[in-house]
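With chain A fixed as given, assemble chains B and C onto it according to the hints.
This is what each chain is made of:
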Amino acid sequence: MLNQAIAISALGIRSIPERWAPSLVIVIGLAGVVAVFTALLAMATGFESTLKATGRTDLALILRGGSDAELNSAFDRDSTDLIKQEPGIAAAADGKPLASAELMVIAELVRKDDVKSGANITVRGVEPAAFGLRPQLKIIAGRNFRPGLRELIVGSGVLRQFQGAEIGKIVRMRGSEWTVVGEFSSGDAHDSEMWTDINVARTTFGRSGSSSVLAALDGPDGLQRLKSAVAAEPRLSMDVMREQDYFSGQTKQFRKTIGFLAAVVTIIMGLGAVFAALNSMYAVVAARGKEIATLRAIGFRGLPVVTSVMIEALLLALAGGALGALLAYLLFNNLSVSTLGQSFTQVVFNFKVTPQLVARGLIIAIIIGMIGGLMPALRAARLPVSASLREQ
Amino acid sequence: MTRSGFVVANLFRKRTRTILTLLSVIMAFLLFGLLQSVNTIFNAGADFVGATRLFVQARVSFTSPLPVSMVPKLEAIPGVARVAYQQWFGGVWQENTPLIMFATDPQRYHDVYPEWVMPDAEWQAFARTRTGMIAGKQLADQYGWKIGQKIPISSNIYPQKNGSKAWVFDLVGIFDGKDEDWKKRTNLAFLQQDYFDEANQFGVKGRTNFFILKLTDPAKAQAVTKTVDGMFENSPDETKTQTEKDFNISFVKQIGDIGLIVRWILFAVFFTLLLVVGNTMAQSVRERIPELAVLKTLGFSDGSVLGFVLAEAFALVLLGGLIGLTLASIAGAMVEKGTGGQFQLALDGSVWLLGVVAIVLMSLAVGLLPALRARRLRIVDALAGR
Amino acid sequence: MSELMVQVRTVTKVYERGRQKIEVLHGLTLDIPRGDFVALMGPSGSGKTTLLNLIGGLDQPTSGEIIVGGTRIDQLPSGKLAHWRAHNVGFVFQFYNLMPVLTAESNVELPLLLTKLSAAQRRKNVAVALEIVGLADRAKHKPKELSGGQEQRVAIARALVSDPHLLVCDEPTGDLDRKTADEILGLVQVLNRDHGKTIVMVTHDPKAAEFARRTLHLEKGQLLEQAA
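Order-wise, the sequence lines are chains A, B and C.
Mapping to the working numbering: the first sequence position 372 is 372, numbers consecutive.
Here the working numbering = 1-based position in the second sequence + 392.
Here the working numbering = 1-based position in the third sequence + 778.
Bear in mind the hints are in silico, worked out from the structure with no lab data behind them.
Glycine included, every Cβ here is placed at the ideal spot set by N, Cα and C.
There may be inaccurate statements among the hints.
Straight-line alpha carbon distances no greater than 27 Å define the calculated DSS-like cross-link-like pairs of lysine-lysine that follow [claimed, not checked]: (1) A:Lys-52 to B:Lys-645; (2) B:Lys-632 to A:Lys-169; (3) A:Lys-169 to A:Lys-138; (4) B:Lys-406 to C:Lys-858.
Covered by chain A, according to a simulated footprint, are these stretches of chain B (three or more residues, beta-carbon under 8 Å) [claimed, not checked]: (5) 406-415; (6) 420-433; (7) 545-557; (8) 626-636; (9) 655-663; (10) 667-676.
Covered by chain B, per the in silico footprint, the following chain A stretches (three or more residues, Cβ under 8 Å) [unchecked claim]: (11) 70-76; (12) 102-114; (13) 263-270; (14) 334-341; (15) 355-363.
Bound-form chain A, shown alone:
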């Protein structure tokens, strides 16, 4: 039976060029669905992986209790010093706690492609320990800022999307002028930030405390110990979490929104593609009518005929799906864009077309191909043989 199916399919496939119009419709229709699906989810995947890459499991992020974003968090100097002393935090070689107090403030830069609108960029004031805690962050051009001076180092994501922050340029914040002295790259969300000395940031922005404290955890139970200690301390109302958990949480809203959008668009487009595929396959069956009837008159059974039609539909659908995935990859992979993050500042990320995404797109193509091929295939098997032979 399989041999029969293959033989008939081969016959049918060889004659596809004669029916190029309906075949093309299926290929292009499916390319469209898969391309759009892949592009939308590549956006979500890119955003998610940028934020996921940020944050490690052996670092704890400490925010003021109840704030859900670094921007909303603020605690005073005393609390900052206090929390650094708590158990659970690893110590450096010199016995001092491996922790960095950080202050988040906001600057405005102009986009590269749209000069009229400004966008908010995160400026992070850091202590020297911040660099040790983030070994993946490397200065790739210029030099690091000097403590006590109004100097900035800028993440490569910022330089990709916005202008006015190149090395040597002056950025104005709160009526004061800051010089950009270097560019850094860390392969995560920090690439969307500008860094400076926390004390200079404090005096310029009139703040005395910090937004957050990043601390290295001491051992596998470090987080638990830190959490218990903080809960027990009445003077501290803090939330302690793994740095990675914080950043994963930040992506939830975006992921949900894009996921929903992608689902709705793909379903509607998919339905449209199913109808187009059905239409085309009916046309294909009609075009092959005489050939199919002859085969059946010769003695080929119904099932191999059905199978051959389905195989033709599937091949066309897969071709379309592959074309769509390729288009999405060529047009969108590594495209750099930015959007509003949780703190109303920009997060720069790249579209990412992953193998899993391509696989999912192809599966969708297969499903549509099968639905589009089934009913026409059944009709092909049930066509009255003599009528089809007589037809012109």
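For chains B and C alone, coordinates are given in the frame of chain A:
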């Protein structure tokens, strides 16, 4: 029978084919309607806000606070009729529903926003009641708030002096909008600035996020903008002033170029649709060459025959397009109702208009070539099967 | 009102197939008086269908004149020619060429859409035409529900409905059996004798030609003889 009757009869000559093509058209326009609505929500520019108000924020970011003490300086500027201010409260309803809620001076706010409709008694109650709050009708309806209730709202930024994030307010007024557009925006709430200053744990006093300047004359917008920003340049409280409309637009722009995404998707959709329907129309005309030749023998001109084919393409796309847009309307209205007005996805006039334009253009695109073929065909050759 | 319905004056028709030029009619001249019923016969390739197409205004000669009902139609622009066809000629083809999507009466009504008649008047004319061909009871049937002879009657009704003076028929009974063919030809005769229509009919069937008043033979694009 009429010419249109003839066109429609021909449309359904192969019923399955026509219906499947129609369904593809419906899906395309369903998506068009929904996506364009989304696009409109983000990019409408909100013309209806009018040009009578300017928004002043800290140059660096609207999340950065400005001192309320700036008010007299702002009010002294020629062209400024009145100044109000609002500070983001970070309000959260129940566990995790964020609210658009500001601390404000009730009297000033009332003066600057005449578009809100609320009985005077309620405005006065708001001004009088320290712990009072007012809410927009949409918001109140969504959560079932009634005047006189004590509404528990927490802030994810500001705890009270006792350390608790939970605040409680007396709902003393519910405001509506003066017309359709303003009614749609009644999803805000306000509390008293004085109470906020007094009760927050950080001792944050006399700070605000936005000043709202009501102009004496909209034409003065540019001049006033320049004056304000010039006044505070190089100070620690540098400002950025823009019209209310521009502020709304720039906020959306920060999210990203939604318009671009929507355009790309719709491009892919309509390109594919063009192919599908174009193929159907081309096939349909090809099968009918002899019939079209007979029409010419009967005396229908070449132009008439072209007209028949174009009309057929138009009828197909029109029917599918209208059904698709209607489905989008229904779906959009359902979403709007379901989210209590949060996502105003119901299709408005502009989307329908754009949809009709798309219908006409698509009809031409799919019908023109087959129609020209029909017009060109020579009777004698066609009848002889050449 | 001219005595002659159709005047063909030294008409030549040349077709171009690729780079080849084929001369199908060579300087043909003939007259067809009003009320005549002429059968055109000849082997395939003789040009009889070509001549018929020229007389009916479906095509135009390469040179020469064609005057039908007093109007010169050989050089009319295609728009005017179409308009002329609508009001002056009725066609009946071998394969019935009815619109499969329309009922019999809608098929017959089709040419009337080119006139300024109201819907009610159109319906009246259609009824009369169907009455003449004897198919009033099949008005609402679609072509696929009719027999071969019935379809041809509908085609004839359609050719009559605008009351043209000239009827042009191309092998009208080529696809019918003997009995049905005779019925159709009898009907055509009635139209000629009782309704005064001038009829030009191409046929390869000598029995069909017997229904006509006279037969003309063509061979290789030229008239052979005029038989009474």
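(message) Can you tell me if the region 263-270 of chain A counts as covered by chain B, using C-beta to C-beta distances under 8 Å and a minimum of three residues?
(response) holds (count 4)
(request) Can you take a look at whether the region 626-636 of chain B is actually covered by chain A? Rule is 3+ residues, C-beta closer than 8 Å. (result) holds (count 6)
(message) Checking one constraint from the list: CA of Lys-632 of chain B to CA of Lys-169 of chain A, max 27 Å. Satisfied?
(response) Satisfied, since the Cα-Cα distance of roughly 21 Å is no more than 27 Å.
(request) Could you grab the alpha-carbon distance between Lys-169 of chain A and Lys-138 of chain A and see if it respects the 27 Å cut-off? (result) holds (20 Å)
(message) Cut-off 8 Å, C-beta pairs, minimum 3 residues; does the coverage of the region 334-341 of chain A by chain B stand?
(response) holds (count 4)
(message) Next pair to validate is Lys-52 of chain A with Lys-645 of chain B; report whether the Cα-Cα distance is within 27 Å.
(response) Holds - the C-alpha atoms of Lys-645 of chain B and Lys-52 of chain A are around 25 Å apart, at most 27 Å.
(request) Test coverage of the region 545-557 of chain B by chain A using CB-CB distances below 8 Å; three residues minimum. (result) Contact hint for the region 545-557 of chain B vs chain A: holds, 6 residues under 8 Å.
(request) State whether the coverage of the region 406-415 of chain B by chain A holds or is violated, taking the criterion as 3 or more residues with Cβ-Cβ distances under 8 Å. (result) It holds, with 5 qualifying residues against the three required.
(request) Verify the coverage statement for the region 667-676 of chain B against chain A, using a C-beta to C-beta distance below 8 Å and requiring 3 or more qualifying residues. (result) That given contact holds, which follows from 6 residues of the region 667-676 of chain B lying within Cβ reach (below 8 Å) of chain A.
(message) Taking 8 Å as the Cβ threshold, is the statement that the region 102-114 of chain A is covered by chain B upheld or broken by the three-residue rule?
(response) n = 5 at 8 Å, threshold three: holds.
(message) Tell me whether the statement that chain A covers the region 655-663 of chain B is true, taking a Cβ distance below 8 Å and needing three residues at minimum.
(response) holds (count 5)
(message) Taking beta carbons only, do three or more residues of the region 70-76 of chain A come closer than 8 Å to chain B?
(response) holds (count 3)
The structure fails to meet hints 4, 15 from the earlier list, while all remaining hints are met.
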